[in-house]
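Enquirer: Sequence lines, in order, name chains H and G. FYI, in numbering that gives the first Met the number 0 the residues of the first sequence are 0 to 91. FYI, in numbering that gives the first Met the number 0 the residues of the second sequence are 0 to 385.
Mixed in with the good hints there might be a few duds.
To be verified - Mimicking BS3-like on lysine-lysine, the simulated pairs with C-alpha atoms at most 27 Å apart in a straight line are: (1) G:K234 - G:K291; (2) H:K69 - G:K239; (3) G:K239 - H:K50; (4) H:K15 - G:K291.
Claimed, not checked - Taking beta-carbon pairs under 10 Å as the criterion, some of the chain H residues facing chain G (in silico): (5) M4; (6) S53; (7) F54; (8) D68.
In case anyone wonders, no lab produced these hints; they're calculated from the structure. For every residue, glycine included, the Cβ atom is placed at its ideal position computed from N, Cα and C.
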Amino acid sequence: MARIMIPTPLRQFAEKNDSIELGGATVGEVLGALTARFPDLKKHLFTDEGKLRSFVNVYLNDEDIRFMDKVATAVKDSDTVSIVPSIAGGHV
Amino acid sequence: MSEVTLSKEEILRYSRHLIMPEVGMEGQLKLKQASVLLVGTGGLGAPLGMYLAAAGIGRIGLVDFDVVDFTNLQRQVIHGTKDVGKKKLDSAIETMTDINPFVKLDRHETALSSENAMEIFRDYDIIVDGTDNFPTRYLVNDACVLMGKPNVYGSIFRFEGQATVFAYPGGPCYRCLYPEPPPPGLVPSCAEGGVLGILPGIIGLVQATETVKLILGIGDTLVGRLMLYDALGMKFREMKLRRDPECPVCGDNPTVKALIDYVQFCGVPHAEGPAEAAVMTSDIDPVEVKAKQDRGDRFTLLDVREPHEFQICRIPGSVLIPLNELPKRYAELGDKNAELVVHCKMGGRSAKAVDFLKQNGFTQARNMTGGILAWSDKVDPKVPKY
């Protein structure tokens, strides 16, 4: 089971969980298990074509999966998968 | 260049810097010779402006065109109660001058745009991004990359913050991290989603620290690292940030060689155009809603805010179904042909709710423009604004 870190803006679609342990051999499988568990998350993470949205980054531990094998990146039990969406606040 | 020195008064003022060998006289003179531009004097800009002035940065430019209001004071500590109604620039300059009269402050009373960004950035060594919206963030990024100036980045939402340094020579830029912004409406703003008042203090001071380190040339900066801060868990984490060779701005074969229209890039509709006209047909002004109530018209007033917002204030006769619960609960609204007026805080969420309801057959759903804030302004000032 890998730990998935859910960022603040998406917790409202994940029954307010900040992290959850889910199984999967690849990052894609883990994210699939996540959206199966919380279907409302799906449209925030993936496009209609099933591609990860470009303003949502996924990290395996501290490495961006775009620079690894993307969603095919292998996941071990002790790994942490972090979802890091783009946020803009700061001024108003 | 003429010899820069510290006066007797400055030596006394900066003594705690001067006695540290890592800063010392040499470092303090570097700070004095440095120029830093703060884009925004709000949540992040407040601690940035105060501490960078105190640290003795020689010249600080401030870009802002906003006015201080009461809802700013929960976090924008550079402004005080007496400053409500003043220009943020005037208020920030007053505070910073009081903290350190030796700092030269430049006013840029304008909204940063593709037309003026390069001109404004030209006179500064380092740009610090304390803005609150995606178009300006991509604009700041691209201008920094094109001009070869580091962009000290910080961003906040609710209990969570991000900070890094973009566009440092050879390092990644904002577009390497996020090639595209989210579509409008998918990520709520701080005004919509809220922010813990202390959070911009922490993230703004991480940016201030990085700015000072860049000037002094000491320590390990956040270049190539994205710092994530979670206030609730009180956890700092960091992710590796790499320059993307295919980045359209800082990659090996850049396609963006001049500033573009960032409002369009971020998909925010321009003021006029068909998008607005389409929305207009299903809009209703709060004054008209009140008139309908007074006439005794039969309609449902649906509030799609969150329960904790409903506790702050509500419009008499409204029913609450939060936007996120609407897909599961819209049957509670009953007759699909009945008249329905939807409102939220400012009109953003209710517009989404109206779209959703129309798709599901509620042909008479209309969006109350400006939300409960506009209701307070136009109909009933006793309803508190938040």
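Enquirer: Looking back at the numbered hints, which does the structure fail to meet, lowest number first?
Expert: 1, 4, 8
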